[in-house]
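Peer 1: Residues per chain are reported as follows:
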Amino acid sequence: MRGPGFLEQLEEALPGAVVGRNLEAIDPWVEVASERIDDVCRWLATSSPVRFDSLQCITAVDWCEPDPKKAAKVSWQPHLEMVYHLWSTPTRVSLVVKTNLPRWKADVPGQPPEIPSVCGVWRGANWHEREVYDLSGVWFTGHPDLRRILCPEDWEGFPLRKDYEMPLDYHGIRGK
Amino acid sequence: MASMVDDDPRIIEFDVRTDEMLVNMGPQHPSTHGVLRLVLRTDGEVVSEVEPHIGYLHRCAEKIGENLTHRQFIPYTDRMDYLAAMNMNLGWALVVEKLMKYQVSEKARHLRVLITELNRIGSHLVGMGAYGLDLGTFSPFLYAFREREKILDLFEEACGARLTYSYITVGGLTADLPPGWLQRCEAFLGQFEPIIKEYHALLTTNAIFVKRTANIGVMSPDLAIEYGCSGPVLRGSGVDQDMRRDGEAIYTAMYEGYAFEVAVMKDGQYPRDREYPAVPADAVLGDCWHRFFVRMLEVVQSMDLVRQAMDRYSACNGPLGEPLKLTEKMPAGDAYLETECPKGQMGFYIVSDGSAIPWRARARSSSFSNLAVAHELCRGCLIADVPAIVGSLDIVMGEIDR
Numbered sequence: 001m002r003g004p005g006f007l008e009q010l011e012e013a014l015p016g017a018v019v020g021r022n023l024e025a026i027d028p029w030v031e032v033a034s035e036r037i038d039d040v041c042r043w044l045a046t047s048s049p050v051r052f053d054s055l056q057c058i059t060a061v062d063w064c065e066p067d068p069k070k071a072a073k074v075s076w077q078p079h080l081e082m083v084y085h086l087w088s089t090p091t092r093v094s095l096v097v098k099t100n101l102p103r104w105k106a107d108v109p110g111q112p113p114e115i116p117s118v119c120g121v122w123r124g125a126n127w128h129e130r131e132v133y134d135l136s137g138v139w140f141t142g143h144p145d146l147r148r149i150l151c152p153e154d155w156e157g158f159p160l161r162k163d164y165e166m167p168l169d170y171h172g173i174r175g176k
Numbered sequence: 001m002a003s004m005v006d007d008d009p010r011i012i013e014f015d016v017r018t019d020e021m022l023v024n025m026g027p028q029h030p031s032t033h034g035v036l037r038l039v040l041r042t043d044g045e046v047v048s049e050v051e052p053h054i055g056y057l058h059r060c061a062e063k064i065g066e067n068l069t070h071r072q073f074i075p076y077t078d079r080m081d082y083l084a085a086m087n088m089n090l091g092w093a094l095v096v097e098k099l100m101k102y103q104v105s106e107k108a109r110h111l112r113v114l115i116t117e118l119n120r121i122g123s124h125l126v127g128m129g130a131y132g133l134d135l136g137t138f139s140p141f142l143y144a145f146r147e148r149e150k151i152l153d154l155f156e157e158a159c160g161a162r163l164t165y166s167y168i169t170v171g172g173l174t175a176d177l178p179p180g181w182l183q184r185c186e187a188f189l190g191q192f193e194p195i196i197k198e199y200h201a202l203l204t205t206n207a208i209f210v211k212r213t214a215n216i217g218v219m220s221p222d223l224a225i226e227y228g229c230s231g232p233v234l235r236g237s238g239v240d241q242d243m244r245r246d247g248e249a250i251y252t253a254m255y256e257g258y259a260f261e262v263a264v265m266k267d268g269q270y271p272r273d274r275e276y277p278a279v280p281a282d283a284v285l286g287d288c289w290h291r292f293f294v295r296m297l298e299v300v301q302s303m304d305l306v307r308q309a310m311d312r313y314s315a316c317n318g319p320l321g322e323p324l325k326l327t328e329k330m331p332a333g334d335a336y337l338e339t340e341c342p343k344g345q346m347g348f349y350i351v352s353d354g355s356a357i358p359w360r361a362r363a364r365s366s367s368f369s370n371l372a373v374a375h376e377l378c379r380g381c382l383i384a385d386v387p388a389i390v391g392s393l394d395i396v397m398g399e400i401d402r
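Taken in sequence, the protein lines are chains A and B. Residue numbering for the first sequence follows our numbering, starting at 1 and increasing by one per position. Residue numbering for the second sequence follows our numbering, starting at 1 and increasing by one per position.
Hints are supplied without guarantee of correctness; some may be wrong.
What the hints assert, rightly or not - Computed cross-link-like contacts, DSBU-like style, restricted to lysine-lysine with a CA-CA straight-line distance of at most 30 Å:
hint : chain 1 : residue 1 : chain 2 : residue 2
1    : B       : Lys329    : B       : Lys63
2    : B       : Lys266    : A       : Lys70
3    : A       : Lys70     : B       : Lys329
Keep in mind the hints are simulated off the structure, nothing from the lab.
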């Protein structure tokens, strides 16, 4: 992240991939186009002057306000934000990459939006992506084995979505 | 060549054609460190694939975090790594403080170092004792728990709890140490120090232990980094990284002025600040033995840090400071911070919309990443080596499943 010219090199290598940035934030971040996240990550891990050889965390943040009264007051449109925390072991530098997704694919509730998997860049991404799929409902295309990891395999819905409703019954176990 | 074939049991196994079999291990298996289920694909005695199944201890911690204020979430972090709850409390407290740009008092800073390093000793003791259990020796477990008990007594005096402390909280600590605590802590350290030699005799240099761990589950530094492994698992592979030294300013500032050397093998040498047993000839950097040994070195390192923190803490004259109010509002924004917990780098990510309740509370668990690498390490090993490898990762399920 530090050092001038880093972002320019990224833009030069992958024109149009970077769509936003905030270098004044507590953790400065770069926003990239969601369909190019795998290219960006591959460049960051292999070709960048600072090699981000480790993926620390993938988070999905659901920006959605289920309460209509409060929803009228918020300044953002409902969307899903993916946050990738990267770390460079040799230089001890961290980087935050963000990307935005629609909440549902083609606006059909229940249909997870799609984003390219970064398993091919860091093998450690496998479980992190499974967890994000399980809890936040994001479909990682190109993931070798995308299925639920923490919840039971037949669980329905994605619990970390803001409009998620707890099932009232699961195999005869009462939910409330 | 012929002698090699005779020595390697795997080659004999491959010679005798056996059927492939799926063996289920866990979730209630004593050597899986909690409710971890492993499905082993075996061919005779050789494991060709290990698939961990997790989630048996999933308690929706992240969802709960979205419904409580930042300080109310502290007790839930206790239940993540319940063997090092102080370190978990610290991770969450620091990330909220990072977002709020809040700085705790000098006294609170030293007390935090003191208490988390003491918890690190406790956690590594369990790791060591339980690892002995995994490998079929019961006595180290009793020795380890005897000493850990005294640490828990000290914690109980300080905060009233023995396992889920909620002692370190956003903006400081819930209470100051009771009178006479430092003397009792010093007495414990004085009595504990010579005992470490016994541990080395019981396990580190024990011929059977070395046979079971040396050159087993060797992990290359590149593999460890790619999987995001951290803590003793990463340092056991010879990667010189410790968040207490390399992390973000808000965390490393806590350790400013403290003298410690990261426990990692550099140029074929571990730090030589004390007398340690020599590395056995069979051990290869990155194997189970090295991961275990790094933990043992860290016990001594933490003891030094506790002593340094006690000196600094008692030299502080200022007040400890009050923790933040439960409903103190956070600025809108997000912050991520990783701290060096006994099991590895525990990361907390907080997103705030400007209220006192986090919009998103994310916990990146070190054991989660450390366990994800297990299937790579277990490929081609013997069934009996699976507990040795999984045990050497020193995972805790509460933190993986959250």
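Peer 1: If a hint holds in the structure, say so; if it doesn't, say that too.
Peer 2: Comparing the hints with the structure gives:
Restraint check for Lys329 (chain B) and Lys63 (chain B): the C-alpha separation of about 19 Å stays at or below 30 Å, so the hint holds. The hinted pair formed by Lys266 (chain B) and Lys70 (chain A) fails the criterion: a straight-line CA distance of about 56 Å is larger than 30 Å. Taking the CA atoms of Lys70 (chain A) and Lys329 (chain B), the gap is about 18 Å. The hint holds against a cut of 30 Å.
Against the hints set out earlier in the document, a violation occurs for number 2 only.
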